[in-house]
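2 protein chains.
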Amino acid sequence: MSSTDKCQKIMELARRRGFFWQSYEIYGGESGFIDYGPLGALLKRKIEQKWIDEFVRKEGLMLIDTPIITPSIVFEASGHTTYFTDPVTTCKKCGRKWRADHLLEEKTGESFEGLTLEELYKKMLENNVRCPECGGELESPKFFNELFKTTIGPYSENVGYGRPETAQGIFSNFKRLYELARGKLPFGVAQAGRCVRNEISPRQGPIRLRELTIMEIEFFFDPENPKCEKIFEVKNEKLRLLPEKLLLDGVTEPIEVTVEEALKNGYIKSEWNAYFMVKAKKFVEMLGIPSEKQFFKEKLPNERAHYSTQTYDQLVELSRWGTVELSGHAWRSNYDLKMHMVYSGEDLRVFVPYNKPQKVRRLLVEPNKKALTKDFGEEALRVSRLLTLTQPEFIRKSLDENGFYELKGDGKTYRITFEHVNLKEVEVEEKGKRIIPNVAEPSFGLDRLFYATLEYAYSEKDGRVVLKLPRELAPIEVAVFPLMTKDGLPEKAKKVYCMLLDHGFMVEYDESGSIGRRYARMDEVGTPIAVTIDHQTLQDNTVTLRDRDTWEQIRVKVEKLPLTLEKYFREKVDFKDLAKLC
Amino acid sequence: MSSTDKCQKIMELARRRGFFWQSYEIYGGESGFIDYGPLGALLKRKIEQKWIDEFVRKEGLMLIDTPIITPSIVFEASGHTTYFTDPVTTCKKCGRKWRADHLLEEKTGESFEGLTLEELYKKMLENNVRCPECGGELESPKFFNELFKTTIGPYSENVGYGRPETAQGIFSNFKRLYELARGKLPFGVAQAGRCVRNEISPRQGPIRLRELTIMEIEFFFDPENPKCEKIFEVKNEKLRLLPEKLLLDGVTEPIEVTVEEALKNGYIKSEWNAYFMVKAKKFVEMLGIPSEKQFFKEKLPNERAHYSTQTYDQLVELSRWGTVELSGHAWRSNYDLKMHMVYSGEDLRVFVPYNKPQKVRRLLVEPNKKALTKDFGEEALRVSRLLTLTQPEFIRKSLDENGFYELKGDGKTYRITFEHVNLKEVEVEEKGKRIIPNVAEPSFGLDRLFYATLEYAYSEKDGRVVLKLPRELAPIEVAVFPLMTKDGLPEKAKKVYCMLLDHGFMVEYDESGSIGRRYARMDEVGTPIAVTIDHQTLQDNTVTLRDRDTWEQIRVKVEKLPLTLEKYFREKVDFKDLAKLC
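First to last, the protein sequences are chains A and B.
Note that my numbering numbers the first sequence so that position 576 is 1469, with each residue one more than the last.
Note that my numbering numbers the second sequence so that position 523 is 1416, with each residue one more than the last.
Simulated from the structure, these hints should not be mistaken for laboratory data.
Each residue gets a CB set at the ideal place from its N, CA and C atoms; glycine is no exception.
Please note: incorrect hints may appear among the correct ones.
To spell it out: a stretch of chain B is covered by chain A in this simulated footprint if at least three of its residues, at any positions, have a beta carbon under 8 Å from a beta carbon of chain A; those stretches are [what the hints assert, rightly or not]: (1) 1039–1051; (2) 1192–1202; (3) 1208–1215.
Part of the chain A face toward chain B, derived, beta carbon under 10 Å [claimed, not checked]: (4) Ile962; (5) Ala970; (6) Gly1029; (7) Lys1042; (8) Ser1065; (9) Ala1472.
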């Protein structure tokens, strides 16, 4: 089976049995949007719930839930209004617009993240990249901002955007969350929710979506005390890594190292990131994707997001889409909190007390408001806040050496000269210091996890599809069938069906078609257990339990059915061991 | 305790302990948006999950999950681009904008839904309604469309909207869903998801939001066979009703009637709506809101949405916000499917076969494309589709009597004359007929359910707050406390904590402050059970279980703790009966 075939089969199954399909079909479809059908919506919810169980409940993180529509200032602070762009090119002939770097990648098979527009255009011309639709010549690329834009309320000047990530809902709430964490570092906050990204021309089915669900964690820690207290639990765990160091040496195959080695060799810079990378590996394993099919690849500096110090992508191989990122593990430094301080004027720093007060000499940078206002107008207040958040020594050194300091913040650079600041040294007694926490960010794409789960569960047996979903993810847990639609079998089967519903199982009743056909229908949607009511049931009150993967059957007393299924689903007892229990 | 006090206390608790707060606080807040904090996000998810369990799993409905961003044509078809409006008035002095009918209602205490703009302005002048902010004079109101507008992809002409309801995601998928229901009526489809409504000036905290979660069901049935096969299960259930008939007679207090009586007296017109109203009553009861605090009020014709034949609102009394709608129960007729047929050109009708083929004379209306194009231009195709979906007899009668027929569809009226159509009678043999299903729509507002749950759980005991949430909704299920932070009690307590985590419970560990203070902290967030580890634990391996509501305590062996808690949470055994089990 070729990999394209496999993907096509999965897509066909997904549409026919109701896992997912392209949205707005009756209106010709809209690229970048998918609908989850009845089985897909349940599977997606189960993956999300599993993630919450693993990362929130078991790790003791806080879960929050914030809006999608966000006032402009939040994304001005985070840099998204400036940086959340991709290069778009327009066909001179047919007027269609395309993502320039993707066309180049498709043509050459190489990756071209981080090029300037000029470099990109040059490469496009060199490689004779043309309009995929009509073959026309393409214009030089421009940056297109991929935030969905709207206005909030009846005032057209009140601009808002759809969030492209859930993270800013966490950062902008840091103050309150820190209080809820009782004023102590480290702590982590999770969010799972809908995000929107106005992709230029998404053409990869469920892999590149304009509307998607992101599940992410912002884990806040003290950069001067970055130890992960749980690292000992995972230090011997193995990770398959492709770190920057090796990538730059031309290595293309991931190496397998323990967490301890990865940290020692500097492959992973943050213990907290390392900890969550292990959790991510195990989580993806729980979805049925073996650890040897996964690896973590470090992003090179020009590929990283503007806020990131180090980023690893968790990758898996998918039949048609190649190596696909399921999660990203960024060390976001303190960028976001700092920028929200600058834009909101709120102090989001955390006070870390010393053991005893210390007398220290401090260099102070006092912004000169008048001079700042003269040169920076409306932005003076932000520049002023940014100045006070910068190491004074850096400013003095640059001023002394160059006569100016390049203050960088929110996608802009402000040229600070002696006029703008007063520098003075003072002696102060300090009881502690205020720090801006650093952030480890594991971020998962739920829709891709969903698709990868389907693909790794897909198998064929005797020419039929068996979807070997992990049992706790199966959308339908149990199917109940009367062997025939006569002799009171349907009535008995419906009683069994109702009993299992009362016990909390997701059950489907089906009496149409041959029993073989009904088993097959359930196999292809991943239902682990089928219960059949036959004539013997009417005599001894036993039913047949059939296993999806082995097609083995055992007989169980009806009154023991709920307990047997509990053992199977909640305690993960093997099917073949169930017989002993009954 | 006054009702305003109560609400203020709940809001304070919600902010302090992390249930919810206004979004974007550090940027001054944005009206109509709330953030769910760590406890709120868990409670909200549990209510949603309970809804899915009650309506999807137990009722055998299909759950789907479709995008928020929707191409313009979908809401043109549904009528939202035309009808989803509210009257806005602008202050002549300060320029602020307000929802005109709300200002009038606040001033007079009466409801003014369904007035024309002229009538509304007249009433505003009569009642001297002024700007609530500056007291200025107000302009005559205009309609403001409350869809959030954006563009999809890099083409500015590709307009999209944020969905204000999840229903259109179901209607526009009807064809595929009908196939998944194996081509049989009736069947129901549910969706729970984020929706956005660009409210003009929301000022009611969690009650009127610009971003909200709606949980709704579209239940499709044959209008010629509208019997609900499960009506017998609920016919003796009592509902508190305020039907249109009685409202028009001046009745203001709901009457209590059985479902059977409500249907017989024509108070409720659809059996399926009646069935779901009972389910809704019971669901809201499960959230802790007694049935005697709920009632269903019918919307008068001028208050109903444009698609509705009959609508009941499920109302409860909330301390500060008055009588608030938690769910709506609309009979949406076939409006939406019909309009999607007209706009998409897809046949969404369902074939209902006769027992045997019938020969019938039929009046046919053949649209005259040329004449339609001449008079209706681009809309000719839609007018033509709309004509073929209209009863031919109505068209002929009106043409004969008036010389024209007013064809109404998507917020517009088209004047059809003899030129536009050819009428002819033919004899045909029909094997069955094609019908457009009708729809019963129960639609719930999750955010309001959440707030109502909090308010009805709120109680005070000995001057302290006890949040009496139903046990299965509690965000934290079990708290684990060492009595003191010495003698190895914390170590033992952490073991108990980990054991309960392993058993799947949502557990919180706390060792700071006096034990009384820790109990109080858990009482006010509704944690049903607190487990305390004391010196006796070290001797006989028993712990104390304390009940949130009665403050009673029992001792339980550590090894029996998981089972005891299972009995309490999953089997709903009373706290006082737990002792017998242990």
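We went through each hint and held it up to the structure:
1. Closer than 8 Å: that is the beta-carbon criterion, and the region 1039–1051 of chain B has 8 residues meeting it against chain A, so the requirement of 3 holds.
2. For the region 1192–1202 of chain B, the stated coverage by chain A is violated: 0 residues have a C-beta nearer than 8 Å to a C-beta of that chain, whereas at least 3 were required.
3. Restraint check on the region 1208–1215 of chain B versus chain A: 0 residues with Cβ-Cβ distances below 8 Å, three needed, restraint violated.
4. For Ile962(A), the interface hint holds, the least distance from its beta-carbon to any beta-carbon of chain B being 6 Å, beneath 10 Å.
5. With a least beta-carbon distance of about 9 Å to chain B, the hint placing Ala970(A) at the interface is held under the 10 Å criterion.
6. Contact between Gly1029(A) and chain B, as hinted, is not supported at the beta carbon level, the nearest pair being about 16 Å apart and thus beyond 10 Å.
7. For Lys1042(A), the suggested interface contact is upheld, since its CB lies about 6 Å from the closest CB of chain B, less than 10 Å.
8. With a cut of 10 Å, the hint placing Ser1065(A) at the interface with chain B holds, because the nearest CB-to-CB distance is about 6 Å.
9. The interface hint given for Ala1472(A) is violated, since its Cβ lies 25 Å from the closest Cβ of chain B, which is over the 10 Å cut-off.
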